[in-house]
Amino acid sequence: MNRVQAAKSILWVVVGFAAAVGITRMIYGLGATTNLNDATPWGLWIGFDVMAGVALAAGGFVITAIVYIMKREEFRPIVKPAVLTAFLGYIAVIISLLFDLGLPWNIWHMLIFWNPHSPLFEVGWCVMLYTTVLLLEFSPVPLEASSRYAKIRTFLLRFRFPLVMLGIMLSTLHQSSLGSLFLIMPYKSYPLWYSDILPILFFISAVALGLMMITLESLVTSHLYRRQVETELLSKLARASVWVLSIYVLTKLTEIVIAGESSLIFNGSWESILFIVEITIGVLAPIVIFSIPQFRRSQKWLWAGSVMVVFGMVFNRINVGGLTMMGITGDSYFPSWMEISISAGVVSAAVLVFFFAVERFHVWETPPRHPEAEPTSRPRFDRVSQVWLGAPSVAGRTKYSLAFLFSFAVAVAIVPGNEIQSKGAVTVPTMPARGGDTLFIDGNRDLYGVAFKHEMHISQNGQKQSCVLCHHMNIPMDKQSGCYRCHKSMYQESDAFGHQWHSSPRGGNIACVQCHEDGRERTAASAKKCDNCHRDLLPDGARIKHERNIAPSYVDAMHRLCVDCHKEKALTLEGKGDLARCARCHETVPPEYMSPGAPLLGNRPYFNRVMMPGAESLLKADD
Amino acid sequence: MKAILTDVTKCIGCLECVSACKSANRLPMDIPRLWQKNDGLSAYNWTSILPKPLLPETGNGGQRFRYIRKQCRHCLEPACASACPVGALHQTTLGAVVYDSDKCLGCRYCMMACPYGIPRYDWESPVPYVRKCILCFERISEGKEPACTEVCPTKATIFGEREALIQEAHERIKSNQGKYINKVFGEHEVGGTSVLYISDIDLDFLAYKSNLGTRPLPQTTAAAMKSVPVAFVGMGAFMYGLHWIIKRRSERQENPEKPEEKV
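Top to bottom, those sequences are chains W and X.
Numbered according to my numbering, the first sequence spans residues 127 to 749.
Numbered according to my numbering, the second sequence spans residues -18 to 244.
Simulated from the structure, these hints should not be mistaken for laboratory data.
Keep in mind that this is a model prediction, so the values were computed, not measured.
Positions of the beta carbon are idealized from the N, C-alpha and C atoms, including for glycine.
Among the clues, some could well be false.
[Said to hold, decoys possible] Pairwise CB distance ranges, derived in the manner of DEER restraints:
1. 676/W to 106/X: 46 to 56 Å
2. 284/W to 122/X: 48 to 58 Å
3. 234/X to 453/W: 51 to 61 Å
4. 160/X to 437/W: 49 to 59 Å
Bound-form chain X, shown alone (with noise of 0.2 Å):
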């Protein structure tokens, strides 16, 4: 599993990785729209950086603003891919959760189902597709890095193994003792995802709610999926059934006298 970690107290906000993302995938220059959040993400801007501000006390060296790069989390049991019907949106063995366009149908129930709001949609095309961060699927299966981790001037953001990675920001937050949230985000949030995160500021923004949980989405829809025969055979056999149950009653009121055995 490759994965990405983003060192958020290293990054100096100079938007190379955005820039470099764009022209790595090839994307247009996107305009402001009616339909778009205000994260900087965009069916044509698939990283961004999103500055916070910092408290006074809390800066250090000078930097009052904290610059979070917002991409999507790649997560190991993603919830687009399991809620996609036609499997446009799937993960591959890399880790990289990639999109289908010739499958895709166009339901964008994986922008309902993503917790970060990721999925973007070219909404102004009359023939529209999901756009978003796909870890330069093609450039990791080659052996490169992706584009974003590759110009990072400060090496905020680095591409590895997931395991590597998680090693290297606990051992990050152990030796920088105070510096970090004692916590590396998306090591366990919803499963776990790809893109990982160590921060001296919160980052429970990235999301809709705070506290994301473990449990990975796809188990949600999981158990109801697995009762679908259950309640298709049930039904079938309560309704069958009730009727023969009618049936027999309605005959004997019918034919009182007749024995029980020959119905």
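Only chain W is shown next, with the shape it has when bound in the complex (with noise of 0.2 Å):
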């Protein structure tokens, strides 16, 4: 297996667990399948993907703009390259922006509805039509395979010139609108990474990286298809870096120095950290590499000096688009396995289309030979000399396909079914209430519930006979079940019918035409009903009707239970007409919980739970 054959190997398995997860996440949607949170909405698709995307595709304009407008000739070799790699750069940004969206079916709306206030909306249509642009500009190539197409590619080739310039305006606007996205957000940005010149900024370290993204192409692809690296034309784009990345750098700090904000640099937070490590290395260093005329033309050196600076600048479009704003909205992000995965399997997905491209297509001046046109399948025997040549190997493709498919199985294998499809409800399993008389429920026991006066109801009740209007079920063999025992979960629906307990004694799976009818499906519809066993389940009388064996929320039960018998006597006693508020039973707090030592409500995300009086004492007793 060749260095091609390997690279494309690994990078069809990314594709295949990407897919899989790619599949689960537009059928589960976001919230199930990403850390996304109402604090930070954006994330790695937007950070890496989009806006690094964005970025790394820039060198796309910035060597048409050598070739076609500077006239510098002797880099025309590497422009078919650098297109592909931007159109495909685009593509993939597109596509990360479509797992992205909430809803990704309307990302066209931007066509016709428009609010040309928001600097998205420039960003958007300037994708959309530089995409097209690079379409057209790279279509000449993939067009010279049939001479049918030569009057297209001919068209084409006469309008390359203003293809090129309207290409390079496009890339101007969006490349710096980017920037202008995170200028409306002044109160959640760090300073260091916020100022009025973002647009100015994201532009000039655009065409930084842009250079350096084609040098670094340039190098991994000439060590995949052993070809001899292009040294002197990529010095040449190194020491151009050397100025842009100065002139990036110089703006960037006198606008520091400027707003005042440089004694953020070296205060030891951590954002004066991720600013120091961007800086250097994806800055400065490079700089110092590159500005040595040995370092630029040795290959170590290029490797090292562009692996620096598209590290920094990815990294600063991470730290824009979100890294930084942590501290502010005091939110701890970190990317779920999924969207990284999906980062990475579009990432490879468009590695692999260019692969494909620069072994059809005229796209290198020498195009490599075709890793697959060597038979991987030898035949076993050959007929004429009547020798046997061994076992055959998988042949290319069949390989790709089954590493395409292994890791697609392996990703549905492990994407966790319940953690998914409990959509990021939190569990919180309820506990027994606590009390004598007065009795607190608080069933998550976090000292928030509600005091109920138990002797009281029972009283206003009708003594015994009441029991039966709250207690609709008990455990079999049990006279008082608590409430927690079938509303296991403080906010979901549990189930109250245990399968196990029930099964087990029986005999297991053996027994399973015990309860469910024989030749049916086994389902809660085949079941036996519970009274069918259990005399007495179900009292008379009772407020709730039992009908099937899930078992509302802890929370909802309760609310259901008391606040439809608080509605009914609210209307029908006289003077009890505020019977039915919340406030109510979630009574205000009493001083004593109020001091500042207490625990606060604010920091809890359901603080209309209230802590009644005595609970202390009640917990006290309970440990």
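Two chains, each in its own frame: build the complex with the hints.
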């Protein structure tokens, strides 16, 4: 297996994995598959795929400007691969965006619903137009394949100069407008990454990144296809990048000094560390490396320098795109493995298409030897010489298909089904209520509950006859099952029927037919009713009618039972109009729980659970 | 312009507004989710009450907590509406900032842009929409009050014309010297908001940063957006000029004896 085939196999594995995850994302939605949240609505897919992706694809407009506008003919050999990379980069951006958008099928809405005030509207339009321009710029290459398309090809080539001009103009706009996106967030952005000239900084850094991305791409493909490295050309690009990077860093630092934020760089906060890492690795070190002529001509240093710039600029986009906002929003977002695998999958797919294009079409001056041309599956037996040729190996394409399918299957297997289907709900198991004459109903024991005057309810509702009003079901052999026994989860429905409990004493799977009718599907519908065996399970006169084995959440159960009755009583009883009000049960906090030392209600997502008087002593007794 | 004025000192934290909001907007029950912020707002909860403990010496009338109602501020120049690429969020003539789910494409730029962190996303749904308070737009366009102000038992939160409410707020501050902080929250912040507060405690925690300033957020991007056509044409002209100069220079190098006029 040669280098290209090895690389392709790995990429197919990543793509297969991402395909399964991508389908999961589309079926179950963003909440179930990503770590995005209300405080961090933009994550890896925007920070890396879109923001960094567009910047990484800047090589296309930079190199066309160098060759067609500045007439530096020596760079012509790298125009086609750079334009191809840019085109694939933009396609990758759009595909990632389809995963990130909540309603991806509405992506075309920008065409008909206009809001010209929005930088995102402008970016969207420019990306759409520029992708089309790149397609037109690149399509003469595949059209070469057949003379049938010669007319279209010459037609397109005639418009090359205007297309190049349009491409540069559009790139200028959206590369900078990606920076304008963040101008509207002055209160969320960390000052080091926020400035009024953000669009200009984004444009300059995109040019630098474009130059270095062409360099890196050329180095990688030369390595994989064992081609001669175009060191002379690349060193010229490196020299140009020194200038661009210097302009970038000077502009950026000047802006920071003028804004009076220079002290933030060295104050030791984690933002300052991010900033120093970004500037040192991404800008200062490459400037030093590439200003030394020997280093520029050395392959090793070209590798090092270009990797550093690419890392630094991608890091910059991620920093601006949300990483540095976390100190202000107080959120700690880290992408889920599903987000990471989709990002990796989209990039891998783009690289695979790149390989396909350079092998089929005349992208490079000297096309590479087709790695698949050499048969990997030899015949087992040579009929002419009557010689056994050994066991056949798996052919290239079969291998890639296997790699894809294998990792697809692995991804399907490890996608956590229950976790995804629960859609981000927080599991909170419930516990019994505590107290004597007055019960403290606080299912999740977070100190916020309702003081329920048990004795008072019994005496006012007709002594012993009243039990059944609320206690609609007891667990068999139990006289007073707590609510928590069936309503097992604070906020989610839970199964009140112990399937395991019922089946194992009867012999496990062979006992299915004892409850489920034979020959029918084994569902709740085909099962015997509970009261078939358990007599007196459902007492007459209960307010709650037991219909299914699914118990509603503890909160729902309490609210339905109490509020419905309170509403009725509020209408019928004289002077009890406020019985149905929330505050009737969720009493106001008594003064002794309002001292600064007491637990803060505001720190809790569900603050309307109010601590009852005497709760503390109850809890102490409990311990 | 319609507006809501909330007097924090009058709120008793009874949550009637929260429950009225839920029933008026037909919002389903919601359960705690991993992605929620700890402020009670969610895709299904458009207003919430945040209790803030008072220092013992400032407590008056035995009340040691202040309850602050959080909801969309309905900025006069809303950042979310200016950010939305398709104009799904937009401001109505009544002042309410409302949402057109048919236009939305789910980019969540509005959530990034809001200085108060108000818009929430329907993360659990495979077909998610942005959700936030819409100032009961249907009710106020029929001339009714929003559900929350209608049910408030202490009239801590009231509805009316913005000008009148600002005047009322200043009167209350003036007639109760020392009771309130001398500031109507929302009068000038980010160009003014339609949801106003008067309070005896600082309400800066409702936004991402204290001292939001008076500059409306849409203005921050407006300058950049205005220079877009200039940048477009300018870059084109610059590139074409560069091309022309370089081309002429190379032609002259090739035919140095050629007279300049004919180039």
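Consistency of the hints with the structure:
| no. | hint | verdict |
| --- | --- | --- |
| 1 | 676/W to 106/X: 46 to 56 Å | 22 Å, violated |
| 2 | 284/W to 122/X: 48 to 58 Å | 57 Å, holds |
| 3 | 234/X to 453/W: 51 to 61 Å | 57 Å, holds |
| 4 | 160/X to 437/W: 49 to 59 Å | 57 Å, holds |
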